[in-house]
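Spelled out from the first residue to the last, the chains are:
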Amino acid sequence: MTSKSDTLIEVKDLSVHFPIKTRKLFKTEAQMLRAVDGVSFDIKRGETVGLVGESGSGKTTVGRAILRAIDPTDGEVIFHRKNKGDIDLAHASEAELRKVRSKMNMAFSEGGGGIKVHTLAGDLLRAFRPEMSLVFQDPYSSLNPRMTVRDIIAEPLVAAGKIKDREKIDARVREIAARCKLNLEHLRRFPHAFSGGQRQRICIARALVSKPKFVVCDESVSALDVSIQAEIVNLLKDLQDEMGVSFLFIAHDLSVVAQMSHRVAVLYVGKFVEYAPTEKLFFAPKHPYTHALLSAIPTADPDASYDPIRLQGEIPNPLAAPSGCRFHTRCPFAKERCSAEQPDWREIEPEHFVACHYAEDFDFSRS
Amino acid sequence: MPTMLSVENLSISFRTDEGVITPVQGVTFAVEAGRTLGLVGESGSGKSISTKALMQLLPGTAMLGENTRMTYTDKGGKDIALGHLKHGSRELRRIRGGEIGMIFQEPMASFSPVYTIGNQMMEAIMLHRGLKKREAREFAVEMLDKVGISNAAARIDQYPHELSGGMRQRAMIALTLSAGPALLIADEPTTALDVTIQAQVLDLMRDLQRELGMGMIFITHDLGVIAQIADDVAVMYLGTIVERGPAREVIRNPQHPYTQGLLDAIPSVEHLHDRLKPVPGDIPSPTNRPTGCPFHTRCAQAIPGICDAQEPVETTPMPGRAVRCWLHSDKDRSAA
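Protein sequence lines correspond, in order, to chains A and B. Position 151 of the first sequence, counted from 1, bears residue number 151 in the numbering used here, the numbering being contiguous throughout. If you want the numbering used here, it's the 1-based position in the second sequence plus 1000.
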């Protein structure tokens, strides 16, 4: 077990609900779409946490809520800093905030207590942005075609306004570009001249240029071809070793997540069903859904037995999430209790969390 | 099993602003009744447009090569030259859908959003099976039932947007199969689906194929899916088939460096701590196709002066296998 001071991000009971308005003949009805419903986990310094789940399970929403690209409805996101005992920015009043604003850069980099990311607003949030970053899925639509690669990579620095000197910015851009295996001559070109893999390296360089502590990779390798994907996975791992950055690695492809992550969380219709160190999750899962997901991966070994667990039916609509355990409608082991009672989120082994009434009864381990 | 489709020397060129590009060059393959041919390749390898050429679904700017032969043997045993069918002809309409069915990656884009599922199925059934409206509806319900859509009699009157992704792909399969094709072309049919739903759809396609004795071309970039569904496989790279043979043998014992690289690059859930082995370099753009062997720019075993200069010919390193690589054609090389 690692000590609490290694924790970088702490997510407590995070919920994101979206009101969905449906217009009926004479009235508008509002329903709550519970995209993420009470999710808790933590990410350590230099760690990669994988987040898997099927479409509509809320993976992207979790990532964006942590970054405050979407405002969480409820819950806390705390960003821990190494040296404790400075100003508690999250609880400062508006007037105090104004005073600190000019010293903000220092305050963020030299540490105080944990930063309650979920309470930051306005200038404070903006000043905090360089600490966290995001790499998107599609490297074709996430680069502005009218900017040079140099300007794209430099943009987070320019937006943060910490470094004003153009030469210093250039130096920083060149350094990160080299680390991401881009040639210096590439910096003068426009994105259209690059292939998918090169574009994703540009996106990664842009995400890391402000030396963030935490980066969300949202399906960042899913759009790439297999032969290129492997290279980007290796690059992300190398950059993590060199820079000590933490990743939240969101993907629907379990085998990529297995390669990238130290720990993996499985999301089903807005709730976590399991969270465990990668090896435990892949070799000894405790939740029937995790087990079914793993069994459904087709392997390229013609001699391996492929006998996916046939889950009945479809992924439920989050607008009408099932009662009790959300997986009970498709779970082959569901009992009466499962449809009535919501399972607790509990730690059944050190670091191994699961939400299932009967987790102890299952042995899904494979050699 | 008799060969139902044979494609020889398929080349497709497009006239573009930057000159003529040829994204498919000399592709040769065959499909036997009751068997599945997997076409694997990365983006831009030409796997989709090769099959679109069969159905004459290429845009007007496309040109087929002079030596291209595409012969399809229909249900009555008649050989049809697919490349010579006239646009809008009765024959082409009979083949397209009736003899050769097609399923696409994104089912939402292949259904019309303004007609119900039933409407669209009945249109195909009445055209290809010559049934009356009432019979066609009954048949459509039967087909929806067969692909595992519960409550088919009610679902038939729903619009495509009312179904989930997995349901929609099942409905697409039902629609395509209701016309009774002898050959099914499935273009990345499970790529947009989640793994648990993908497993259901793969199951379904395998069962239906066995039941109906169809030939199938299954296009995918996922070698894992190929290992599960294909009998034979053709690996494409930049518009050419670099290796083909029985799927099992090709995956067990790949002969072309590209196939080997592709297999090595796949992340696995079994070996968590091994570093992944990417294929070095980037996929060249089709406008800038390398000379000689298209793969030589990324191949660790490329022979200077040969691989970058001359295009390799297809050789047979062992019975039933074919590979296009200079490493396997010493004799041809000295002769050339």
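Honestly, I wouldn't trust all of these hints.
20 Å max Cα-Cα, derived SDA-like pairs, lysine to any residue [claimed, not checked]: (1) K1277(B) with I78(A); (2) K44(A) with K21(A); (3) K116(A) with A69(A); (4) K1146(B) with E314(A); (5) K168(A) with S210(A); (6) K237(A) with L1208(B); (7) K21(A) with N317(A); (8) K24(A) with V1269(B); (9) K237(A) with K1146(B).
A short, non-exhaustive set of chain A residues, derived as facing chain B with CB atoms under 7 Å [unchecked claim]: (10) S55; (11) V158; (12) A159; (13) S195; (14) A230; (15) S305; (16) D307; (17) L311; (18) E314.
What follows is a list of derived Cβ distance ranges for each label pair [to be verified]: (19) D1274(B) with A178(A): 25 to 31 Å; (20) A1153(B) with K27(A): 47 to 53 Å; (21) R1206(B) with A171(A): 53 to 59 Å; (22) L184(A) with R1289(B): 43 to 49 Å; (23) D1264(B) with I163(A): 38 to 44 Å; (24) L184(A) with A1309(B): 27 to 33 Å.
If you are wondering where the hints come from, they were derived from the structure by calculation, not from laboratory data. Just so you know, even glycine gets a beta-carbon here, dropped at the ideal spot from N, CA and C.
Evaluated hints:
1. K1277(B) with I78(A): violated (37 Å)
2. K44(A) with K21(A): Violated, at roughly 39 Å.
3. K116(A) with A69(A): holds (15 Å)
4. K1146(B) with E314(A): holds (17 Å)
5. K168(A) with S210(A): holds (12 Å)
6. K237(A) with L1208(B): Answer violated: K237(A) to L1208(B) is near 43 Å, above 20 Å.
7. K21(A) with N317(A): holds (16 Å)
8. K24(A) with V1269(B): Not OK: K24(A) and V1269(B) at ~48 Å, beyond 20 Å, violated.
9. K237(A) with K1146(B): violated (46 Å)
10. S55: holds (6 Å)
11. V158: violated (29 Å)
12. A159: violated (30 Å)
13. S195: holds (4 Å)
14. A230: holds (4 Å)
15. S305: Since chain B brings no Cβ nearer than about 11 Å to S305(A), farther than 7 Å, the hint is violated.
16. D307: violated (10 Å)
17. L311: L311(A) check passes; min Cβ-Cβ to chain B is 5 Å, inside 7 Å.
18. E314: Hint on E314(A): holds, closest Cβ of chain B at ~5 Å, below 7 Å.
19. D1274(B) with A178(A): 25 to 31 Å: holds (27 Å)
20. A1153(B) with K27(A): 47 to 53 Å: violated (32 Å)
21. R1206(B) with A171(A): 53 to 59 Å: holds (58 Å)
22. L184(A) with R1289(B): 43 to 49 Å: Because 27 Å falls outside the window, the suggested range is violated.
23. D1264(B) with I163(A): 38 to 44 Å: holds (42 Å)
24. L184(A) with A1309(B): 27 to 33 Å: With Cβ atoms ~32 Å apart, the hint holds.
Checked against the numbered hints above, the structure violates hints 1, 2, 6, 8, 9, 11, 12, 15, 16, 20 and 22; every other hint is satisfied.
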